[in-house]
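Asks: This is what each chain is made of:
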Amino acid sequence: MTTRLFGEPVQRREDPRLLTGQGRYLDDLGRDALAAAFVRSPHAHARIRDIDVAPALDVEGLVAIYTWEDLPERVGRPLPLLIPHPALTHGRTAHPLARDVVRHVGEPVVMVVAADRYAAEDACALIEVEYESLKPVVGLEEAVQGANLVHHDVPGNIGAHLVQEVPAADGRGAREAIETAPHTLAFRLDIERSASMPLEGRGVYARWDGRDLRVYSSTQTSTSVRMAVAAALGLPLPQVEVIAPDVGGGFGVKIVHPWPEEILVPWAAMRLGREVKWAEDRREHFISSAHERGQVQYVRVGFDDDGRLLGLEVTILHDHGAYTPYGIIVPIVTSTQLLGPYKVGAYRVEFSSVYTNTVQVTPYRGAGRPQGVFCMERTMDKIARYLGKDRTEVRAANFIQPEEFPYDQGMTFQDGRPLIYDSGDYPEMLRMVKELIGWDSFERAPGRGIGIGCYVEGTGVGPYEGGHVQITSDGRVHVSTGLTSQGQGHETVFAQIAATELGVPIERISVVTGDTRRFGYAVGTFASRAAVVSGNAIALACRKVREKALRIAADALEADPADLEIADGVVHVAGTPRASIPLSTVAVLANPLRYAFDEEAARATQFSGTAAPDRPPVAEGEEPGLEGRDYYSPIRSTFAAGMHAAVVETDPDTAEIRIVRYAVVHDCGKLINPMIVEGQIHGGVAQGVGGALYERMVYDQHGQLVNASFMDFLMPYATEVPRVETAHLETPSPLNPLGIKGAGEAGVIPVSAVIASAVEDAEGIPIDRMPISPSDLFHLRAGRRR
Amino acid sequence: MKPPPFDYHAPRDLGEALRTLAEVRGKVLAGGQSLIPMLNMRLAAPDHLVDINRVAGLDGLERSGDGVLVGATVRHADAERAEVHPLLTRALKLVAHPVIRNRGTVVGSLVHADPAAELPAVLAVLDGRVRLARWDGGVRVREVRARDFFTGPMESAVEPGELAVSAFFPALPPGGGSAFHEVARRHGDYALAGVCAVVTVDGGLVATARAACVGVGPVPVVVDVGEACAGRPPEDADWAGAAALVRDAAEPEDDIHASAAYRRHLVGVLAERALRDAAREGAARGA
Amino acid sequence: MEHEITLIVNGAARRVRVPARRLLSDCLRHDLGLTGTHVGCEHGVCGCCTVLLEGRPVRSCLTFAVTVDGAEITTVEGLAPADGRLSPVQRAFAECHGLQCGFCTPGFLCTVTALLAENPAPTEEEVLEGISGNLCRCTGYQNIVKAVHRAAELLAEEE
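For the record, the sequence lines run as chains V, D and B.
Take the UniProt record's numbering: the final residue in the first sequence is number 786, and no numbers are missing along the way.
Take the UniProt record's numbering: the final residue in the second sequence is number 287, and no numbers are missing along the way.
Take the UniProt record's numbering: the final residue in the third sequence is number 159, and no numbers are missing along the way.
Hints in this document: simulated from the structure, not taken from any laboratory.
Treat the hints with caution; some may be incorrect.
Straight-line distance between alpha carbons at most 30 Å, and here's what the computed BS3-like set of lysine-lysine pairs gives [stated by the list, open to error]:
id : chain 1 : residue 1 : chain 2 : residue 2
1  : D       : K27       : D       : K93
2  : V       : K670      : B       : K146
3  : D       : K93       : B       : K146
4  : V       : K343      : V       : K544
5  : V       : K548      : V       : K670
6  : V       : K670      : V       : K343
The structure presented is a predicted model; accordingly, all values stated were derived computationally and were not measured.
Construct the complete structure from the given sequences, taking the supplied hints into account.
Replies: Right, here's the structure in full:
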């Protein structure tokens with residue numbers, strides 16, 4: 001059994017339980033818990049006049065009904081603004097239950113607790129809320145006119161406004177560079193709303209024993225939920241534990257916290273002295289969990305005869321919905337990551353982040369990058385078309401070259417740190433993707449087109465993650481890290497890292513994530529950061545444990561630690577396999593005991609003769625136990641990259657769009673598990689295809705989300721997703737010990753850009769708005785004929 | 001998303017079912033694939049639900065020279081597998097997804113009368129009929145032809161207290177061919193537009209041609225295009241002209257998935273495809 | 001009013017009292033404690049709740065428990081043989097990385113088990129059609145399709 005598992009397509013350790021129905025997702029827990037349900041606003045914008053709960057009081061099984069008035073001051077406060085930013089001058093967050101005014105359909109107004117969810121919904125249906133309707137603000141254009149306001153104290157509905165400028169090498173600004181450029185283009189690009197839409201909704205389950213509170217949440221950050229819950233409920237942190245059980249997908253929406261329910265459910269459990277659980281249903285998810293993507297982007301670009309960018313100016317209108325709990329991360333990411341693998345000369349980007357009476361917007365896989373990449377890649381295609389050049393040639397003319405790393409884009413990234421690319425090889429990547437899709441031999445025909453899209457993704461943002469590794473006297477290795485898992489295979493890849501670092505068979509390694517009982521310090525799972533940040537932290541923790549194991553083993557074997565190796569869980573002297581000691585025994589020796597509970601332990605007791613009588617049993621500077629903890633805090637993000645290409649066919653009669661081929665070249669540094677990385681790419685591309693061709697959140701003028709079901713929000717099935725052909729390039733990151741970069745979001749990022757590029761190629765019509773449906777294409781064709 | 005409470009009745013025979021319906025005027029539960037989502041979303045809240053899944057004698061699927069009689073509890077999947085009628089089989093493959101078809105019923109789809117659904121169009125283009133029964137001291141039965149059965153979007157001729165016990169799909173005559181073409185956003189979704197066609201070919205010449213559209217009107221839009229193409233060999237008939245007649249008869253509306261103009265255009269495209277394919281099949285069967 | 005019903009679940013008769021409106025999905029999960037059957041939309045589109053009813057895949061969220069009184073039901077917990085090994089379909093999903101978060105997986109496993117029982121060597125199109133009623137937000141389906149073909153091979157080997 002090899003223990004060099006880093007880089008191998010190891011089968012997932014999560015799978016046996018998930019394949020047999022033994023997974024434990026939020027709603028699988030707490031079978032006897034009371035159920036919560038919510039009366040949610042049916043209006044996009046209204047003042048609450050009166051709430052009459054009396055009609056619901058006779059519902060069989062009803063336990064409690066709460067409105068904002070019932071909440072203690074601390075619990076009823078506005079939810080925290082998680083990521084403040086100086087440009088977010090008018091940040092606003094919701095109260096856990098609406099106070100006075102509701103600002104989107106779906107905002108929680110009344111909480112009901114009952115014996116089961118059926119009874120809770122019965123009660124919700126009977127509660128009468130009287131509303132005075134206010135004028136809803138829907139759509140970016142309407143919002144920026146400012147005629148009606150989402151928040152009375154936010155003029156013009158502008159929550160944030162930010163201008164960032166990077167001058168050209170000669171010091172000229174973007175506007176000047178564009179005006180003096182040989183060629184200029186200006187255009188508008190639109191991307192509509194979509195959403196993470198994990199198949200498991202959110203959910204919270206809480207138990208209170210009179211002193212300690214345990215909360216299970218289907219979250220992407222258990223440590224931060226813990227701090228938020230402790231703060232809101234006024235509990236000392238050590239008395240609160242938060243566990244993310246198996247989580248049925250996150251994709252961004254579950255990084256937001258605390259959601260109202262994450263405060264209200266534990267509060268109700270404490271107040272009632274009963275276990276309370278809320279499992280979000282699909283309709284709730286559509287109208288009360290976050291959306292993303294909706295942006296309007298105006299582009300002006302100046303370039304030379306070779307298609308080299310001289311200046312780029314982008315003005316972004318970002319629709320952040322009714323509240324800004326997650327700050328302005330999405331437009332910041334768009335503004336910075338728009339640059340992609342290119343040198344743009346002078347750059348000016350300005351965004352306004354705008355309130356509307358719609359569900360709040362927070363990061364969804366890609367987190368603003370799909371919009372930015374759509375912007376830059378459409379720009380590249382338009383330049384190529386204008387100059388009559390091959391689209392890949394224009395891109396190549398603008399690439400950052402391999403010898404130019406680290407490359408400073410001169411901006412501030414979403415982590416507040418400089419936007420400096422660590423490594424990459426974009427020309428090679430382009431060569432690979434062209435070869436994979438057959439770019440140069442592609443036979444263009446009416447209704448058949450090829451497209452390309454390139455991106456760079458800042459991954460593995462800080463501030464830090466930690467890892468704890470413990471080897472117990474049975475020789476098992478217990479790894480824990482605080483960030484959470486939603487299907488990325490962390491139990492497997494972290495075990496691969498530990499197996500490789502420690503020389504222990506993977507079967508003996510178990511990994512726990514997202515459980516504050518096991519690891520209290522963490523940030524969360526987002527920004528393709530888990531492998532980079534927790535992976536490196538675990539590697540560093542393993543190295544500490546390994547060093548300690550070798551020290552103890554060297555003592556026992558009377559050898560020099562430098563001569564020792566670990567293989568298959570046994571420490572031995574290099575070249576002398578018989579001089580060896582298993583890690584299980586090392587673990588025994590690491591923990592001097594007074595009491596024996598089994599034979600192994602007996603070897604560490606005080607009369608067993610294993611300790612030197614002239615030294616304290618636990619030497620100075622040592623701690624008992626064979627365990628180690630370490631943290632990895634990256635100086636800045638690592639920058640993964642990828643290039644996708646696709647061939648599409650469009651039906652001349654029905655305007656249906658079919659993706660015939662889809663190719664991905666991807667560079668996330670060193671691969672820990674290529675099978676899992678490919679799986680991440682497949683899934684990302686499928687979500688990208690959804691965003692490019694199928695998914696949109698459609699609000700009517702009244703602020704009603706008219707397609708709030710899986711019947712009408714068109715997530716692709718197997719029949720809609722193309723087979724993805726992949727190839728990998730590995731340019732290790734110089735920033736971290738393992739040389740890795742993140743891979744989680746990559747697949748989704750350029751898909752809209754790629755499909756637009758291919759449809760434009762097939763049709764000869766500019767494609768400036770995504771997603772595109774057959775009906776949209778039909779009308780674009782009709783417009784061309786006119 | 002939990003259904004509201006209701007009184008549940010599970011009659012064992014037709015008489016009991018009809019007496020129950022006469023008494024409580026409840027909603028009929030057959031496959032439940034359309035009704036239960038509406039209950040779960042609390043868009044419907046009937047006081048009584050009459051579950052006919054245990055009623056004996058409603059699961060018959062009888063084929064004769066005249067056509068196919070499909071009982072009220074015959075599942076889509078069973079009718080599909082039995083291959084009792086070429087057009088019905090084609091249409092059934094377009095109904096939602098296989099798992100839904102395992103539970104959903106043919107008659108239930110007709111009674112649901114969704115103008116975007118395939119089966120009403122099939123019944124309409126074939127000029128089939130639905131048998132309705134009610135209790136009036138005994139079992140009273142009436143038959144309603146398709147043209148009278150579909151009365152509006154999600155509305156059929158079934159009166160309160162009545163139960164649709166079967167549907168009859170007339171067989172295609174010798175030389176009769178059929179086709180069903182539709183465009184849906186995703187495989188298995190309700191169609192943006194669809195057209196089924198029946199064309200008969202007699203002695204090498206087109207004799208009759210009818211088409212029915214889904215998704216472009218309050219009820220299935222049936223158009224007889226015989227005049228535009230009868231009397232000519234199938235390969236020679238003016239299918240484009242016939243398709244234009246179908247397109248002009250459609251009454252599409254805008255929705256979030258497609259514009260009315262696009263839907264109308266689609267009807268023309270799909271009608272021509274369906275008519276040509278049906279004629280080709282008719283010619284082959286007539287030969 | 002509650003109804004006393006008997007469901008033959010994974011081979012064992014289970015008696016349970018349920019209100020008429022109890023969805024089969026909730027009955028399995030909350031009354032019988034078989035939480036492997038997941039609920040993703042409760043309007044019949046996602047397929048997470050798919051179970052086998054008399055061997056055929058159906059949506060348990062679109063079925064009332066009372067309606068199927070007396071019927072045989074197989075859930076994901078009943079797919080593996082009693083010897084503790086995984087079924088060929090389950091093994092193929094693990095081998096081909098056909099699952100990520102695992103939430104949709106029980107529905108896929110039930111659907112695919114029935115598909116291969118009826119059609120032991122499906123074509124690519126038949127596989128796509130067969131799983132076309134199940135949503136997965138993680139995998140992009142590619143490895144699920146691969147797993148179905150692999151399961152067909154494993155089943156053939158076991159014959």
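Asks: Now look at each hint and say whether the structure bears it out.
Replies: Structure-based check of each hint:
{"no.": "1", "hint": "D:K27 <-> D:K93", "result": "holds (27 Å)"}
{"no.": "2", "hint": "V:K670 <-> B:K146", "result": "holds (26 Å)"}
{"no.": "3", "hint": "D:K93 <-> B:K146", "result": "holds (24 Å)"}
{"no.": "4", "hint": "V:K343 <-> V:K544", "result": "violated (41 Å)"}
{"no.": "5", "hint": "V:K548 <-> V:K670", "result": "holds (27 Å)"}
{"no.": "6", "hint": "V:K670 <-> V:K343", "result": "holds (25 Å)"}
Consistency note: the structure conflicts with earlier hint 4 alone.
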